[in-house]
Every structure is written in structure tokens, then in C-alpha cells.
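Starting from the given sequences, assemble the full structure and let the hints guide the process.
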Amino acid sequence: MDKTNNLIALFHESTDTAEAIDELHTLGIDDEKMVVITGVPYPHGALGRQVEWLTLPYIVAVGALAGFLFGLFLAVITPHLYRLDIGGHPPVGFPPAAIIIFVFTMMATIVSTFLGVLWEMNFPRFGPAPYHKLVTAGHLAVLLEYPATLDSQVRQVLESHKAHHIGEPERMAL
Amino acid sequence: MSKKLTRRDFIKIAAGATAATGLAPVARRIVIEPFVQPPEETLPGQATWYASTCRQCPAGCGIVVRTINGRAKKIEGNPLHPLNQGKLCARGQAGLQVLYNPDRLRNAVRQSGGRGSREYEPLYWSEALDLLAEKVSSLGHPDRMAFLGGLMPDHLYQLTNSLLTALGTAPPIIYDLQCTLEGRRPATQLSQTFFGTADLPVYDIAMSDVVFSFGANLFETWMSPVAQSVALGSMRQGKLSGRGLIVQFEPRLSATGASADEWIPVRPGAEGYVALAIGRIIVEERLGHVGSHRDNAVLYQNVDVREMSAASEVSVDTLRRLAQAFADADRAVAIPGGYLSGQHNGFASMLAVQALNRIVAQIGRQGGVFLSTPAPTVALRSKPEVNTLSDVRNLIKRMNAGEVDLLLIHGTNPLYELPAALGFAEAIKHVPYVVSFSPFVDETAVWADLILSDHTYLESWGYQVPSPGTDRPVISSQQPVVNPLYDTRSTAQVLIELAARLGGRAVEAIPWADEESYLQELVTELYGSSLGAFDARTPPGFWTLWRQYGGWWSEKEIRQEPETTDIVQKPLPMVDPQFDGDPEEYPFHLYPYSSVALTDGRGANQPWLQETPDPMTTVQWGIWVELNPQTAEELGVEDDDIVLVESPYGTLEVSVFVYPGIRPDVVAIPIGQGHQDYGRFAQAVTGSNPLALLAPITDPDTESLAWGATRVRLSPTGRKKKLARLESIDGQGRESIG
Amino acid sequence: MSEVQPTQPEQDNHPDQMPEFEERLLLAERKDWEINEAVLQPMFKTGRGFWILVAILSAIVLWGFYAWGYLIYWGMGTAGINRPVYWGLFITTFVFWVGISHAGTMISAVLRLLKADWRRPITRGAEAMTAFALMMAGLYPLIHLGRVWKFYWMIPYPNNRFMWPNFQSPLMWDMVAIFTYLIGSSLYLYLALIPDMAMARDYTEGWRYKLYRVLALGWRGTEAEWHKLHRALGIFSVAIIPIFLSVHSIVSWDFAVTIQPRWHSTIFAPYFVIGAVYSGLSALASILIIVRRSMRLQEFLRSEHFDSLGKLVMVAGMAWVYFWFAGFIVEWYGNEPIVRELIHEEVSGPLAPFFYLQMGANIIPIILLVFKRVRTTPVLLLGTTLLVNVGMFTERALIVIGSLQRNDLPFNWGTYRPSWVEISIVAMTFAGFALLYTLFSRIIPFVPVWEIKEGRLRYTLRRIGRLLVPTAAEIE
Amino acid sequence: MAKDANQSDEGIRWALVVDLDRCTGCQACVVACHAENNLQIVGEKEAAYGRWTHWIIIHRYWEGEYPNVKARFMPIMCQQCSEAPCEPVCPVFATYHNEEGLNAQIYNRCIGTRFCGSACPYKARVYNWFRPEFPEPLTEQLNPDVSVRTRGIMEKCTFCIQRIRRVEIDAQAEGRSPTDGEIQPACVQTCPTSALIFGDLNDPNSHVSQLAHSRRSFRLLPELGTDPGVIYLKGGEVNV
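Residue numbers (the numbering used here), protein chains in the order written: chain X, 1 to 174; chain Z, 175 to 912; chain E, 913 to 1388; chain U, 1389 to 1628.
Hints are all accurate, no fakes.
Cross-link-like lysine-lysine pairs, in silico, BS3-like; alpha carbons within 30 Å at most:
id, chain 1, residue 1, chain 2, residue 2
1, Z, Lys603, Z, Lys571
2, X, Lys162, X, Lys33
3, U, Lys1622, Z, Lys413
4, X, Lys133, E, Lys1122
5, Z, Lys894, U, Lys1433
6, E, Lys1223, E, Lys1027
7, E, Lys1284, E, Lys1223
8, X, Lys3, X, Lys33
9, E, Lys1122, E, Lys943
10, Z, Lys309, Z, Lys603
11, E, Lys943, E, Lys957
12, U, Lys1458, Z, Lys896
13, Z, Lys730, Z, Lys413
14, U, Lys1458, Z, Lys895
15, U, Lys1458, U, Lys1622
16, E, Lys943, X, Lys133
17, Z, Lys896, U, Lys1433
18, E, Lys943, E, Lys1027
19, X, Lys162, X, Lys3
20, X, Lys133, X, Lys3
21, E, Lys943, X, Lys162
22, X, Lys133, X, Lys33
23, Z, Lys571, Z, Lys309
24, U, Lys1458, Z, Lys413
25, E, Lys1284, E, Lys1027
26, X, Lys133, X, Lys162
27, U, Lys1458, Z, Lys894
28, E, Lys957, E, Lys1122
29, U, Lys1433, Z, Lys247
30, Z, Lys895, U, Lys1433
31, E, Lys957, X, Lys133
I should point out that these hints are in silico values taken from the structure, not numbers from a laboratory.
In C-alpha cells, the structure reads:
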């Protein structure tokens, strides 16, 4: 594909945004060329875009398993590494082991969830990125990448849906 | 550390607590001396055991002391010793803290700021001895010197005695509180009157089936508590003939009473009556298996059981039941204890009790009362005679009259141990020069100009013939188990050197070079005796064995059956008890008893003994007054309330311990606390000396202090002081809930 | 999102409903940036009062640390504990703080799962409370160690002795559980914070900008980010619930696994958990009321929130009474001597004052909270909820100290008096908690702005007869 | 590998028999214990607040009302339970069960949670509330075989394990095993009435195991199922 343009457009209101996005689709600009930035989480499909697939659940599952195994090691293996009898208890008892294993599993689950989601969003990322401060003030921003040839249609579509601040997206340090 | 020692072995050993981690800073400060010239018999790190004799009370138990690197670490009973058979009491165990007491005097001192100033300056022994010699020789007349002693080791007594006689001075006056409380003097006199000998009889508790103890706290402080406890053990569970029975007659349930099977709370002073009544019943009703009682009838001819019962507040049924039990037993023994002797009618009561043994024919019999055979040597026999209170009174009179210029005090602490009412504190001020031999600055030493601090018993030589003895002749040896810690000097040695300085008759009387050689000479008299449990080829060999065994004794039992004198031909005396203080004004009898741990107060400077709970009250450190719950209710006081105890002679403020085991008309206070001096641990306990309350009255028959014959009154102060109980008050002394 | 204009007539006819509507409509017609401002503004105002408060709290905390140093240097004896009361105020307060920490997840996780919409403005306050309470609780296992300088022996690491901690000991369970819960709740708090950090970043400069920028991790608010955030929060709220249940159960087992009379009980775990929720929710209510007042957040924390919170507290309270009774009746009926003794001590013995304080302070609030007036009047609600926590603290003290004072051998009974050291250290944790919370409220947007906006998306006002009724749509 | 405490019927199990019929409450054992095990002295104030450190204490129980009142003594020390409630609760294994049936307390390992103290139904454990103080030269009395415990450490009766080890090691050197009654903890050694007897409970011929089977024998709080290693013999009853 030859030279492409980048564009940012701000909307006041979600319905316009959604319609604009649809028309842009019809212009042949597909989803991954568009990024919608909002200050509020809009429900899935509200803006007419499909939901992307996440590896997060798998990361969590792996983390949980690791935690489980670590707990198992502590509760079941270590008592045998240095055997000491206590109060007529067997070296490994089910209830204490259950508690330890459970807790470590949960700990790992939590931590892996957190790290997992950061990894997925590849955070932290402080470098400059296309962004507009008005987003947090309630506007919806649409970032577009499209072939230069479509420039006029795109601008026209956007304006027709009350978009403003249309122009080169400014990359600001985040 | 060998490779085989794995980590967990290490932990195991740590469980044996030999590892040094977790050691407290104090422990780190222990200096381990480099053995440049190692003391003989000492291997670094290896324990050496030395046999000696315990001097914490007059009983004379054999001890062995575990020493490591020349430091005594643990005292245990000497297993070979016939008297205590390896056992030891709390006081004996605490002996280390006499030796290592932080408040010991570390050399001879002179009181620089004048008497009572408690400012001391150390003296070289040569100076000190010159000073003493100068004082002695400058006496106008030998009578103007007096020696007041406690119950000292036999050899020291002999030295002192011979030195004083040589100088033409009166023999030492022996008086201390322990002897008074256990009634040593009256007991001797009883033995004298009954058996015609001064030896104290042995009551064969071990073999006896029924023991009637009249105010004898057998397992606490009376006479030879360890030996008696050992006997109790075998009497209770050690005999084939079944479990023996003990009945305790006393107004307060002592720990002994608690161990007894029955406690009869007799009215104070009426114990004799009970004995008489029991005797009367036995004789009258021909109880028991001794056949005819005809020749005993005279003893009880004017005893009326009902009167006695009324006077002693013991029901006739009980008396009859007890008489039955006593007479029917195969072996029974009645013991006249210390509390009896502490009464105005003490001697009469003791006679009545001893008579019981006579009428059931237990004298000289197994499980009855017998005399211990003396050692085969004359020299070793003479032992300190306890003086009467009258002797002490006279001394005080002489001191007040200024007839005493030089007073030597050893092994006793009259300012603490005498009833304040006798005025010793005042009298001592009239003595120009006072010399004390105490290793500690006790109440009396404070009033001494010169303190020639003695060794503690673990540092000194000596021997002792236990009295009362045991079923065989015994002489306990005493030897230093460690080198003297400080620049102190044994009094015997001091006397020898004094004699040397005085020259003349003195040095002839005690010519020995030093204490040890003197002892060797005495002891080796035993050499070659056929009785001994060991014998040596040479006298020096004997001397060594004597020290290794911890004394000399016969290997087999030799009991001695006493002859009863004609005392038993006339009616037993019946003397009404007298008490000091008007019953209206002073409603309660005061019962000052000797504390198990502190005895007469000697133990008060030993933290182990202070922290040891009293068996009955479980109180540590403190001093208290025991009230019957009913009495407490009437006074409107409860546990830990401070009451004011007043006698005609003094007052005392002390916390209340509500004590179920005491007569409502009696209040009991433990003796031993309330020291003004005598070291940090003794002074740590607030409260004053109960002897301040005592009336200075004596039993006319024995002229010994009737310490149980004072009346007091109590009044609440509204204040509280929490006693350091082991027991929880909320627990109400229950064994289990519900 | 629909912006419905208020219509005059209703207002005239229903003066009493006016404030309710006013606020809702207000929020409804607020612009996003206005909401941002409304939340951020109070954070920037730190007046004299604020600094005085901070100073006082810091002073108490410093004094507490002095007391702790004193305790460590001179030994446990400087605390009021003795034999047999080996545990005293420290463990009591420990249990109390762990209890307080339970409201956070209760609100944010459970209610998020249940999609209870009224939770939105209070979640952050709740989560913060959890985190801080746990920090305070976490101090006590250290404080009550006789040799705190050896605390690391409880940490499972391969050491030179090849010795591991004893995982059969409830104290180990405690340690790991509380650690897990602390991590969990902190991450949970932080995760939900990121978008608001970005928001704050866009509105500030200076040190705050730097801070928020770092905390925002470069959040922009792309759909993908929102989506992932939602998923993560979803997993969190599921995962953290079993943790929050386990933590106080484990704390209860510290006591229940021993054979100490009255501790050795199977009901302890649920009893402790529900007690924790009860005290936690109450504490949350008290805190929200105070913050609302001091930071003028009336617009976000509205009476309807307190109304629902109050109801929740009431329910928890009832459950607590039920569990308490379930335990008590069994002990009472069983009539075991020592237990009888202990009950007697509480009902008519020396412990009676504390017992009745406990019962009163825990039951009266339940009755009060039945009335809407109490639930919706800040002052009354504050008083009531504070009362609950007095009660719960007393309850913990009775369980820990009351039981330890007695045991099977009456000879060994004892009594306990707290020392100045203990009191100072307990005061330190209360002050420390307050301090952390105060600073937090000035640095972190106290109200989760994005969640409110999200919630606002769902609002419409429907006219029912003469009423304007807010209705929330179910989306997602 | 250590033997499981559950099968404590083979190997050694040290036990102490306390004959209540002999005990006179004379406190000799208490002082002997202080001397042997370097217990600290706490003074009146602390003692009054339950901070004393006796490893063996003699309970005194009152029975009845005056004049028919009786007092009974019961020495109580660590019961060396097989199923010890104090052992599992320690987070750092500072107390465990050794293969001779002893409830061992490792001072070095203790971090002072006092959990064992709360868990012990006999309250036989004592705690070092402060640094021990031994004014010079009382330090000389300290037994070098036993470490002095610093503040913050839980301690209790060990059956004088250092004395057990001493005899065992000596016996080993002589290529024999300790004879019955050869091992004597300090309290047993000193007890004037021989109310305390020490020995191996698993050796059917030992004095203790025979006394343990006497009809007078009972254990403290048996309902708790702690299986104590201390066996009490009831005081005999004889009425005149």
C-alpha cells in the first residue's frame, strides 16, 4: 500500500461516533486501522466494533497452577526435608496442607492476573502516543490510518457526523 | 566438630541447651579463667564433686558439690550420708547463693564512720588481728569480754571454748532464733530429764505406723527436716506393713499438717492436755497390747479427761479415737515439737507427750524413740550447748551496766533474732567495742566496729556431729569446695592466729598452726575404729577418705535404747498456759512460725529462697498474716488488705492471707522477712520483723523463750498490698472447676 | 446517554423529594469535565485543619513507634501480658483490624459481581480501607513477637539449616493469608485506579502530574484497554472473594485449633467472618460519612448509598447475632464446668460490664438501622456504626483475653491489665490508619470517576405518572 | 529419621512419676530446678503479676472448711505430652517431640509468639519477659550445661535433658545403656521424700512403668487426651 494519512477526530457523542465508524468501514477502512479512545468504557458493540480475543485467562490459569505447585511443595515436601515430629501429628496433614495450597494458589492467581493484564496492554508505556486531552473531558476520539487517496471522503464523513478537531494526531508524552 | 554431626543433631543438642546462641548478655559476661596454674583435681570443663556438710541449718546433712573450673555449680545431697541419704531441702540447694552472694563482705572491714554508719574501710588481716589482739589484751578483766555465738560447727565451738577458758572468760553464749523455734534447748532438757542424757532422741518415723506430732513441723524446719522427710517417704509408701498414719496437733495447719492424715487444731498451749488425756484414756481403758499399765497409772492419777478436752477444745470422742489408734498401732511414736517448747507451759507439755511413748512401750523400740550412738571418740563429742534466754538476758544486763567492754558475735544476728523487747539494740550501744564475724552486713554487724568476715560454709573446714543423729554414729566432715572467693578468713583460723598473738595460756590452749592441721589431729582419732564404713592404712589416708566420703559413720545400724529416769514415777505436771496480753484487749494468739525457705531469716538474702513459694500460701518474697476466714469476716478484711497487728510490745503492718487452716483465735505470721540490712535481696521485701511483737517471756522450767505466748489485736488500715502469690485468688484453691 | 431536563410542576408538588431529584438530575446533566473537576478540586485544597490533623496523627504514630522500640528493647514484660494471659491487646487489635479489612472486598468484589449499581461511588473508599486496615493488622504479628529481630524465621526460604517453617502452625497460615489478601486488595485497588490516574494526569501539572503520569502507566482509554481492564477486574472480583473468606477463618483458627476452653469451637470461622463483615461495613460507613463531609462529596455519596449500606450493615449484624447465639447456646447447654465458669464470668462475673457493652453495642445498632431515618441521616448513621465497632472490639477482647484468663486448672488462672506500651501501640495503628486515609484522600480521586461515568451511561429518567423516576439499563 | 510420636511404644519414653502420698510441698525441687537450669529471678513485683519462671510449681488445693480442712499438694511441671498441644502451633518448630518422648524446647529457635503457652492446657510453660539479671558474682552459679535464656523466649521443664544426655554419654563410653534410676533430673535427685521417680516408661521392668500400672496412678486432665509423660499417684487415704 502506498502512502497513508493519520487523522484524529473528536466527537461529542457516541451515536455520531458509531455511525461515523460504520461509514468509514464502508469506505474500506477496517477495524485495526481505527482506534477509538474514550474516557468512559462503552459497552461492547456500542460503537460497532468487534471484540478482540484475550490471552489473559490462560496467563491466569498458568499462574494459578504455578501457585498450586509451590503451595504443594511447601505443605507436602518441606516437612520431609527436615523431619520433626509435633504433637503426634503426621508430618503432613490434609487440613493444614489444604490451607497452604489454597492460599498460595490464590496468591498466584491474583498476581498473575495483574501482571498478565499489564503485559497484554504492554504497560507501562510512557513514550509519546497519539492522544487528546479532551478525551477525559468526555469527548470520543477516533484515530484513523487510511490511504491518502481516501482523504477527502474520510474528512467529509467525519464532518458530516459533527466531528471536530479533525487533523494530524499530536503525539504527546504519556 | 566431627563431620558426622549433622545439622539436626546440632538442634537436638541445642535441645539439651548446650548451645550458646540465645544466651543472655549476663551469661556472656562469665569469665572462664585460663588455667595457668590449674587447681589440683580440676580438669577444665570437667565437673569435680566435693563432699562437705550443709550449714544452712543445724541439722548437718551431707552434701556433694559439683564444681567446674574451680567454681561451685550445684549442691546435691551426699548419697552415702546416713542422715539425708542423698536428699536435700530447698535451703540446702540454695547454698550456692550464700557463696556467690553479691552482698558478701570481701575482706575484713572497720566501720569508718562509726557504728551504724554503714561506711566500711577494708583492713589487712594482719592489721585487723593486731587490732583484735590489742583489744583483748587491753581488757581490764577477762570477764569484760563476751562471746555470743550461733549454732556453730563443732570444731569452732571447741576452739572458742578452749580459747575463752584459757583467757579466763566465760564460755560462749550460744543463742539463735532457729534453735529457739525448734526448741533445741528444751528438747535437750527433756532428754536430760527423761533419759538422763543430753543427746537429742531420734523419733523413728520411718518404721512407725502411727505418728502423733505435737507442734513439730517435721518436714519443714524442725531439727532434721530432710532426714524426717526421707523417713516419711518410706513410712508412707516404703513399708511392707502398709501405709503409716500421721496426726498433727497444732493450732495452725502447717505444711507438715497438710502432709499429715489428720489435723487436730488444739488450743494454743493445750497440746500437753491432749497428750495427758490420751495417756489417761490408754492407761485407764488398758488400750493396746502392752498388757498391764499399772506402773504408768501414777503418771495420770490426777488427769481428768473431760477437763482436758474442755481446755484443749478437742472432743472426748476424738481423744478416745486417737488414743485407740495410738495404742493399737504395732509401732507408734509421739513427737514433742518446737511449738510446744514455745509456750509458757512448754516443758510440761513436752513431758506429757514423751510420756506417751513410754506408756505404749515405744522407747528404744523400732518405730519408736531411741538415742543415736555417739562416735567412739571423746574429742569429737563435745558440741555447742544452746544457752537459755536467761543467759542472754544476763548478758544484756551486763552490757547495759557497762560490764562488757568487748563483744564478739559469731553466727547469730541478735538484733534481728531476739525479741525487740529484750532491748539488745539498746544494750549493744553500751559496749565500747563490738567485733562481728559475719560474712554479711546483717542488722548486728551494722553495730560492730570491726567485722572479721568469715568464710561461707562452702569455703571452710569443719565437721559436725548431727544432732539429732540417726540410727548410727555419724560425723559429717566439712571442707572447702572452692578456693575462698574473697579475702575473708575462717573464724577458727582467726582465733588460732589471735591466740598466737596473745601468746601465753591462749597459745597453749590452741597451739595449732592452722585450722586444717587442728582438724586433722581431731579427726584422725577416728583412724582405726572398727565401726567405720571405710578404713585407711595411714592417718593421712584416713584424712583423705574422710574428706572424700564427707565424714565418718558406722556401716551398720547401732541404735541405743535409752534408760528412762525416775521422772516416770510421779504424776506428770499439769501447767496452765499463760499468755502475755489481756485477752479482752488482745483477742488473738500470735503464732510466729519459721518459714520453710527462710527459716529464722538466714535465707532472706538468697534470691532463690525468696522467690520460692511458701508451700501453704504460695506467696513469694512477701510477709503476711494468716487469718481464719471467719476471723477475716469479723474484722471486715479480705486477702491482700493490710492490717495493723499490735501486741503490748510492738506493732506491725502486714497484708492479710485468708487461711482456712487456722484456729479463729490464732493469727500466724511467718518469720524471716523484715530485714533492715542483710543485703539487697533481704531488704527488697517491705515489711518489718514479726519478732518486734514478741513478749520476752520464758517457760520457767526451761528458761527458753515462750515465742508462742504473745497475744495481739488486729485492726484494718484500709490499704491493700498485693502478695506475690503463685496461686490465683479467683481459683479459690480448687483442684478443678464445678 | 440522555440529558432529561427537570420539569417544573413535579418540583412544586413534591417539595420533599426535591433534593433527591435535584442531585440525580444534577449528576445527569453534568458534563464529564465538570465531574472530573468536582472530584479533583477537593483533593487540591489542603487547608490548615488538614495539616493540623496530619500533624496530630503523625505525632501519635511517632509516639507509638517509640513505645514499640521500648517494647523491643526491654522485652515483652513491658506489655501487660503475663502467665496465663500470653496474648492481650495486641492480638485483640490484630483481629479487629483484619475484621475491618473485610468490607472493601465485600463491597467492591461481591457487589461488582452482583452488578449492584449503588456500589460505584464507594468502591474506592472501601478498597483503600481494606488495604490500610491490613497494613495495620500486618504490624501486630511482628509487634507481638518476643524476638522480633528473628521474624524472618517464619519466611519459607531455603536457609543454611535446611529448616522450613512449620506449615501446620496457624500462625503460618495467618501470615501467608494476610499477605495474600494485602497484595490482592492493593492490586485490585490499583487496577481500578489506572483510568482515573490518566484523568488526573490530564488535569494537573507539577509533582502531581509526574506522580499521576507514572501511576497511569500510559493509559489512553482505547477500547482494547477498557476491554482488558474489565476482564482483569472480573477475574479479580471472583478470585478475591474466597481469599477474603479464608483470611478471617484462618485468624479464627488461631484460636479454634487450640484446646483452650471456649476457643475450641467449630463455629468460630463463620462467626469471625460475619463479625468481620459487620464491623468492616460499619467502619466503611463511618469513614464515608466523615470524608463526604470533609471533602464535600455530597453530590456523589448520596443518601441512597448510605441507605443501602445501612441495610447491608443491618443484615450483617443480624447474621452476627445468629452466629453468636448458635455458638453460645451450645456452650451454655453443654454446661461443661470450665465453660460454665467462663460464661458465668461474662454474664454475672467480673467480665460482665464488657459482655453487656459488647451485646448492647452490637445489637442496638441493628434495631436502629431498621429506620430509614437513621440510615439516611449522616450523624445518626455515624453514631450507630461507630457503636458497632466499639462492640466488635470488645467482643474480640472478650474472646482473646477473657478466655485466656481461665483454664482447666483454677490454680493457674490469671488476670490481665494492659500497659501503657500496649495502649500506645494500639493507638499508633488507629492513628496510622487515619493518617494513611487522610493522605490518600488528598492524592487519589476518592470517587472512582470512570465508574460513575460508566454508571451514568445507563441512567434514564422515566416519567411515571407525576414522578420522574431514574431507571438504570442492564447492559454488557 | 525421628520416630513418629504416635508409635511411642518402642524406644525410650522418659517419664516422671509423682507420688502425691509422699509429697510434702517442701519446695526442694523448685530450688533444685532453679539451680540446675539457670532460671531467672524476677523479684516480688513481677512475681506478683505472674511473671515468675519456675519450671515446676507445687499446686496447693484446699479441701473442706475449718476445722475439717485439708490441704493437698500437687507438683506440676511440663507434662511432656505425647500428643502435645503446644508443639504443632509453633510456626518455627521451636518445640518438637524428640525420639525419647520428650517435648523438646529449642531456645535458640524460639521467636516468642507465646502460642505454645496459650495452647498448653497445664500452663506449664514460662516466658522470659525481661532480660535475666544475675548480679555479680551470682553468674558463677550458672550451670554451663544450660544456656541462659534471653528475653522473649519461651521455656519449660526439660526433664533436665542435659543430665539425661550426660548419663547416656557416660554409659555409651562404658559401652552400656543407662540403668533404671541412674538418670535423675535435679528435682528427682533432691526430693527428700522420694516423691519423684524418673525412668523409661517403655521399659516394663523400670520402676516408673511399674508404678504407672499401680491402681493409684492417674494423669492430669486425661479427658484432653494429651497422653502426658508425667504420672501421678493418688495420695493414700487412711481414717483413724
